[in-house]
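Work the whole structure out from these sequences, hints included.
Residue numbers (numbering that gives the first Met the number 0), protein chains in the order written: chain A, 0 to 393; chain B, 0 to 393.
Hint data in this document are derived by calculation from the structure and do not stem from the laboratory. Please read these numbers as outputs of a predicted model, since none were measured by experiment. Treat the hints with caution; some may be incorrect.
The list treats identical chains as interchangeable, and a pair is accepted whether it falls inside one copy or across any two copies.
With a Cα cut of at most 30 Å, we get these calculated DSBU-like pairs of lysine-lysine [as the list claims (entries may be wrong)]:
hint: 1; residue 1: K293; residue 2: K26
hint: 2; residue 1: K93; residue 2: K307
hint: 3; residue 1: K143; residue 2: K4
hint: 4; residue 1: K4; residue 2: K198
hint: 5; residue 1: K88; residue 2: K349
hint: 6; residue 1: K3; residue 2: K200
hint: 7; residue 1: K93; residue 2: K3
hint: 8; residue 1: K56; residue 2: K293
hint: 9; residue 1: K49; residue 2: K350
hint: 10; residue 1: K4; residue 2: K93
hint: 11; residue 1: K293; residue 2: K49
hint: 12; residue 1: K350; residue 2: K393
Protein chains: 2
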Amino acid sequence: MFSKKMHDLGTSPSVIRDLFEYGNKRKAEIGADKVFDFSIGNPSVEPPAKVAETIEKLLRESDGVSLHGYTSGAGDMGVRTAISEYIEKIHGAKVSPSHIYMTCGAAASLTITLGALFEEGDEFITFAPFFPEYRVFVESTGAKFTVAPSDEKDFQPDLAALEKLISPATKGIIINSPNNPSGVVVSEENIVKLCELLKNKSTEIGHPIVLIADEPYRELVYGDVRVPYLMNYYDDTIVCYSYSKSLSLPGERIGYIAVSDRMNGADDAFFAICGCGRSLGFVCAPSLFQRVVKECQGMTSDISIYAKNRQILLDALTSYGYRCIQPDGAFYLFVEALEPDAKAFSDRAKKYELLLVPSDSFGVGGYVRISYCVSTEQIQASLPAFEALAKSYK
Amino acid sequence: MFSKKMHDLGTSPSVIRDLFEYGNKRKAEIGADKVFDFSIGNPSVEPPAKVAETIEKLLRESDGVSLHGYTSGAGDMGVRTAISEYIEKIHGAKVSPSHIYMTCGAAASLTITLGALFEEGDEFITFAPFFPEYRVFVESTGAKFTVAPSDEKDFQPDLAALEKLISPATKGIIINSPNNPSGVVVSEENIVKLCELLKNKSTEIGHPIVLIADEPYRELVYGDVRVPYLMNYYDDTIVCYSYSKSLSLPGERIGYIAVSDRMNGADDAFFAICGCGRSLGFVCAPSLFQRVVKECQGMTSDISIYAKNRQILLDALTSYGYRCIQPDGAFYLFVEALEPDAKAFSDRAKKYELLLVPSDSFGVGGYVRISYCVSTEQIQASLPAFEALAKSYK
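Written out as structure tokens, the structure is:
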């Protein structure tokens, strides 16, 4: 009477959700301040004040019919123009407003892009560790989902392994940098090598391989790290962006797809994106928040709070003997488990009231993900538990 | 390099969009007040003041992190509880909060419901005239889209014709009442007969046929007309609702799916809905507007404006000799064309600066749709043109 596949998706166990629910139960038992929940990647920093100010201004100055009315399917042209100008100003890349499609966030950016590109027999490849929903989104189109390994020591992409996996079926590569769950930013050196490889392979297999850049964490980087803008390195690039993390608006579902002006058949790819958005039931991206992000180009929440959390945790964990993957971006620390089985390690951590996500669902074993988008107080209060957990293995 | 099907959808000509664009060009040529654009079904009445008041109150009283944060995939439980209580209070039907799934509007409600129900070989049936996107949404799942005729004189569903069309492949029937484009409200008598037929046919074919009630126009009815609540007549009912029309918020993309508690396997159907929403990339419905609609249950924009427009137009057109289908709901008048070819009639109307949508794309010939969600001034100013158009056929 209903789709078994969808039912399975709707009931499939989620390690993250299970941990989060365990945490809520545990907090009720022993008090919220005694449980150190690092399971969820939900921004913990207020949106910039400009968000509320812009909403209030729009409510004051616009008539409700046009403020809350339909925009065109691809989004309000003024909003798309502002984004186009911002991309050119900051990244020096050309994306015409007519190649920008406003979406209901990063997940929609991906499902629409994948559905627009998919032809029978296609495959999309990403690198492990990866955001688990990638598999759902790719397989929902009908495409094959293939995982390439990363280099084990630094979790930079393993390009030699990718080269072996690419075949005529390869339609696109999904790159997520800064990465969820590892926090790794792919180095410019590796981007250059990757793009060289894709150019050669595209020629070899007789059709372009599309680079899909999933970039919700672009602005969340620390120190002097730079996230290369992929269109500047490779023509057949589509950027899937979301304001969820940069502006702390994950529930508002607002983002965009940007098709490089230099992409082969950019106009046609854009039309396919419009068609796919239509077929999936995305009539337009939420109209009020389209106008909000227009006024907030280049702004972010106060990222210094994440930077502080990251540094406290990184220094402490390293001093207790944990090995952390170089965490240049996002708000995740990817830490080697102190025993081979990440799930067993996560279970033992629970005894210290530490909720850490085992890495298996991200496509690699032996690590845990620590989301440091929590209060600095929680980070500081958790340190003795991390120390005790490490000692328990000695 | 991209999906041909999606490209075709993204570039397919739309009679409504073409008319709308013609109208914009024509307005630039001769002045906006000289062109009588009745092409678009976009609410023209301000949202209730409570919408802006609620947004301002939420901005003042909530912290931004939770106000704009993720809700659960199915929506905020407080919001779903309020909707459940409202449905019970107004319609006397039982829909537990755990059977309500918040969506990004009516289109999303439909794509998610159809995708959740679809199994290989399935077919969904609706009655002509129908909202053209139904075909897109149904065929995108992989299902067959079948159209049953309506009775030609009053556009009530032709149940004898439906009976002949139902086969073991029939998974669901989509009912849209009040109807876009006809404005018709299906009578209670016909609902009772339809549900009787579906019960018998479900037994005959060995599985339940699901009734999908697409109800974005539920509150837009005139006089003492009542729109029967389908769950009260048939157990296997799923309501697809949107606040786009009732609260004049079409751009904000907020609605819900309600699965009747009495549906066969209601919990499993709901899980499939959750899975399908996830696979299509709907992470959650926009969080701010979930909270807004919670506070606006049962409110509507000032519908008296539509009622006034409808009456002026109906009286005048009837007096000029037009035949109008009984327009009990929505904001559409469905008028018999004065020649057999609706497109030719719409083209002739253009000479009088009247933009009327020919009915062919709605699945029936020989009519035009007039959207009266425009200013009353436009209605009044257009009357001489309607009169002259009628005279030109005498």
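Hint check:
In the homo-oligomer, the alpha carbons of K293 and K26 lie at most 30 Å apart only across protomers (28 Å), although the nearest pairing inside one protomer, at 40 Å, exceeds that limit. When the C-alpha separation of K93 and K307 is checked against a cutoff of 30 Å, the pair qualifies neither within a copy, at 35 Å, nor between copies, at 50 Å. Taking CA atoms no more than 30 Å apart as the test, K143 paired with K4 passes in both settings, with 16 Å inside one copy and 19 Å between copies. When the C-alpha separation of K4 and K198 is checked against a cutoff of 30 Å, the pair qualifies only between copies, where the shortest distance is 27 Å, while the shortest distance within a copy is 36 Å.
Taking the shortest Cα distances, K88 and K349 never come within 30 Å of each other, neither inside one copy (47 Å) nor across copies (45 Å). When the C-alpha separation of K3 and K200 is checked against a cutoff of 30 Å, the pair qualifies only between copies, where the shortest distance is 23 Å, while the shortest distance within a copy is 37 Å. Only between protomers do K93 and K3 lie at most 30 Å apart by alpha-carbon distance; the minimum there is 26 Å, versus 44 Å within a single protomer. When the C-alpha separation of K56 and K293 is checked against a cutoff of 30 Å, the pair qualifies both within a copy, at 13 Å, and between copies, at 23 Å.
Neither within a single protomer nor between protomers do K49 and K350 lie at most 30 Å apart by alpha-carbon distance, with minima of 42 Å and 49 Å respectively. For the identical chains of this complex, K4 and K93 are inter-copy neighbours only, at 27 Å across copies versus 40 Å inside a copy, given an alpha-carbon limit of 30 Å. In this assembly of identical chains, the alpha carbons of K293 and K49 lie at most 30 Å apart whether taken from the same copy (11 Å) or from different copies (25 Å). Only within a single protomer do K350 and K393 lie at most 30 Å apart by alpha-carbon distance; the minimum there is 16 Å, versus 88 Å between protomers.
The structure is inconsistent with the numbered hints 2, 5 and 9, although it conforms to all the rest.
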